[in-house]
Each structure stands twice: as structure tokens, then as C-alpha cells.
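Q: Based on the provided sequences and hints, a complete structural model is requested.
Sequence order for the protein chains is A and B. Residues 144 to 313 (my numbering) make up the first sequence, in order. Residues 101 to 220 (my numbering) make up the second sequence, in order.
Bear in mind the hints are in silico, worked out from the structure with no lab data behind them. Hints are supplied without guarantee of correctness; some may be wrong.
Below, computed lysine-lysine pairings styled on BS3-like, alpha-carbon distance capped at 30 Å [said to hold, decoys possible]: (1) A:K298 x B:K104; (2) A:K164 x B:K160; (3) B:K119 x B:K160; (4) A:K164 x B:K172; (5) B:K103 x A:K164; (6) A:K198 x B:K160; (7) B:K147 x B:K104; (8) B:K119 x A:K164; (9) B:K104 x B:K217; (10) A:K164 x B:K147; (11) B:K195 x A:K198; (12) B:K104 x B:K195; (13) A:K206 x A:K178.
These stretches of chain B come out as covered by chain A in the derived footprint (C-beta under 8 Å, 3 or more residues) [unchecked claim]: (14) 144-153; (15) 170-179.
Nothing here was measured: the structure is a model prediction, and the numbers come from that model. Glycine residues also receive a C-beta, built at the ideal position from the N, C-alpha and C atoms.
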Amino acid sequence: MAISADFVNPFIEAAMTVASKVAGITMRRGHLAYKRQPDPSYGVSIIIGVYGFLKGQVVYSMKRELADRIVHNMLQDAPILDRDVLYLDALGELANMITGNATAILNQRKELAIGITTPAVAAGSNLTVTLINMPTLALGLYSQYGPIEINIALKETAPSGDPNSESLMP
Amino acid sequence: MDKKVLIVDDANFIRMIVKNILVPNGFEIVGEATNGDEAVRQYERLKPDLVTMDITMREKNGLQAAKEIIAKDPNARIIMITALGQERMLVDSFKIGVRDFVVKPFDPARILSAARKALA
Numbered sequence: 144m145a146i147s148a149d150f151v152n153p154f155i156e157a158a159m160t161v162a163s164k165v166a167g168i169t170m171r172r173g174h175l176a177y178k179r180q181p182d183p184s185y186g187v188s189i190i191i192g193v194y195g196f197l198k199g200q201v202v203y204s205m206k207r208e209l210a211d212r213i214v215h216n217m218l219q220d221a222p223i224l225d226r227d228v229l230y231l232d233a234l235g236e237l238a239n240m241i242t243g244n245a246t247a248i249l250n251q252r253k254e255l256a257i258g259i260t261t262p263a264v265a266a267g268s269n270l271t272v273t274l275i276n277m278p279t280l281a282l283g284l285y286s287q288y289g290p291i292e293i294n295i296a297l298k299e300t301a302p303s304g305d306p307n308s309e310s311l312m313p
Numbered sequence: 101m102d103k104k105v106l107i108v109d110d111a112n113f114i115r116m117i118v119k120n121i122l123v124p125n126g127f128e129i130v131g132e133a134t135n136g137d138e139a140v141r142q143y144e145r146l147k148p149d150l151v152t153m154d155i156t157m158r159e160k161n162g163l164q165a166a167k168e169i170i171a172k173d174p175n176a177r178i179i180m181i182t183a184l185g186q187e188r189m190l191v192d193s194f195k196i197g198v199r200d201f202v203v204k205p206f207d208p209a210r211i212l213s214a215a216r217k218a219l220a
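A: Right, here's the structure in full:
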């Protein structure tokens, strides 16, 4: 099954905006590739599930050098003793903001909602989250500190017809 | 007297940022919660003047927690601080009785103005 290229630009826009605003890092657009399923290319991975009328997974993958620089810039106000504790937390929040902002741009059905899960962050070989088996667009972005790849595995599902069913409300 | 604030977010990093914005501006952080269940329990115990609430959290999300808090205390003052800037989230939040809706990433001035407006 094909994956829509319409998903790409919202993630580019969101990633560039968020990286610049929270970490002061300029990103430029790089490669676009098709994969059979998400496949993190670099050492640090952040996985976020998507649910609602779009379903799937977004997997962020970056080199350790870029992750270190992002966290360093995000945690400038943090006490030094807290920085190790906050490392994975800050990376998760970065991915959360990019995914949240991208889904807001993607969501043209104003009456429906797209939810996202809390991020799972893996630095090194401790990736314990199962990656979804779904066609994926891999979007590369480049910065002066190294690349980040965003693996977008999303598909649109038919809404039930009841707008309330797509709410995150109980 | 400083206004008492409960900060609810599963990310330690965001709780730190919000705290660093509010504390120098005359707010007292009386509690922090990492999910909706904790938020409801801490609200009942601490009776804060203001709650800052994330949406995406484990156990119970922020919309559900805000709804429960406002059902028990219709005067509760809650502002959402979330990465989910979709129109449906905003509409659902205001329907519940949330006072403001701030999208991450945010400017410190936006958090301060939302907090002050909610308490006015």
C-alpha cells in the first residue's frame, strides 16, 4: 500500500520551526526515501504512536552528536546536576512538539482529532518499542551538527461518522 | 500572597521550564503531577489557584483530568499547555471550561499572560 506524500511537508515545517525555536538549530531539507517499515538509521531514536483518523507511528532518528547539541541548547537553564536526568526527557519533548505541530497542520478535518502517544526514547541499543510494519516515508533533515531522519508511517482511516468518537474526551 | 500553581506534565523538562517562568513572577509551585490521575488527586489535596495541564499523558490524559477537576470544582482555573494544537482539542478544552490553551513550543510571555488572565 502506498503512503501519501502529503504527510511530508507538515513534518518539514514543524521540525524546522521546533528545532529553531527550542534549540536554536537551523535545519535544511535533505533526502526523501521509501522504506517498507520504520528503520532508525542513527543511534538515538524517538518513537511516537499516532491514533485517530490518522494511525501509525513516527520514528525520529539522529546521530548522538546532534542529540547532545539539541539537549545542551534546550537545557541551558537547567541545573547541571539535573542534565543527565533530563536528557531523554528533552529529546522526547522535542519529538512530541514536532509531531503535535505536524498533526495540527495535517488535520484538515477540523471536527476530528488526531492523538499521539507519549514518546519512547532510546539512546544506544535499548530500543524496546516494536516498530510498526507499515510503508514508511523517510525524510532527512540536515543541520550543522548532523542529520535527523523522520520515518513517517501513517495511514488515513475511515472516520466512524460520529465526530465524538474521534475526540480524546471520555 | 503568591498564587498557588499545580503543574501537570509527564515531561520533567516542561515542568522545569514552566516553573522557571512562573516562580520569578510571583507564583508558588505547590505541586507537580505527571499524569491525569495524579493531577486530580493533587488538585483535591492542594486546592491550587491555577493548574497548568498537558494533554498527552499516560494513565489519564489532560482533557479527562481537567473535566474531572472542573466537575468537582466549577471554579477551578486550568490552562492547557500542549503540543496538540488542533482545533478539535481547543474546542473540547473550552467546552470543558478550561481558561486558556497554549501550544508548545511557547514563549515565556505567553505562559505568563495565560496564567494572569486565568486568575483575573
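Q: Confirm or reject each hint.
A: Hint by hint, here is what the structure shows:
Using a Cα cut-off of 30 Å, the hinted pair K298 of chain A and K104 of chain B is violated, with the two alpha carbons roughly 44 Å apart. Proposed proximity of K164 of chain A and K160 of chain B is supported: the alpha carbons are some 29 Å apart, at most 30 Å. With a C-alpha separation of about 22 Å, the suggested pairing of K119 of chain B with K160 of chain B holds against the 30 Å cut-off. A hinted pair counts as satisfied when its Cα atoms are at most 30 Å apart, and K164 of chain A with K172 of chain B does not qualify at roughly 38 Å.
Of the supplied pair hints, the one linking K103 of chain B and K164 of chain A holds, its CA atoms being roughly 29 Å apart against a limit of 30 Å. The hinted pair formed by K198 of chain A and K160 of chain B meets the criterion: a straight-line CA distance of about 20 Å does not exceed 30 Å. Under the criterion of a C-alpha separation no larger than 30 Å, the hint pairing K147 of chain B with K104 of chain B is consistent with the structure, at around 8 Å. Among the hinted pairs, K119 of chain B with K164 of chain A is consistent with the structure: their alpha-carbon atoms are about 19 Å apart, no more than 30 Å.
Using a Cα cut-off of 30 Å, the hinted pair K104 of chain B and K217 of chain B holds, with the two alpha carbons roughly 15 Å apart. A C-alpha spacing of about 34 Å is found between K164 of chain A and K147 of chain B, which places the hinted pair above 30 Å, so the restraint is violated. Of the pairs offered as hints, the one joining K195 of chain B and K198 of chain A holds, with about 26 Å between alpha carbons and a cut-off of 30 Å not exceeded. This hinted pair checks out: K104 of chain B and K195 of chain B have alpha carbons roughly 24 Å apart, not beyond 30 Å.
Between K206 of chain A and K178 of chain A the CA atoms are separated by roughly 19 Å; this keeps the pair inside 30 Å, and the hint holds. Only when three residues or more bring their CB closer than 8 Å to a CB of chain A does the claim for the stretch 144-153 of chain B stand; here the count is 0, and the claim is violated. Restraint check on the stretch 170-179 of chain B versus chain A: 0 residues with Cβ-Cβ distances below 8 Å, three needed, restraint violated.
Hint compliance for this structure: hints 1, 4, 10, 14 and 15 are broken, all remaining hints hold.
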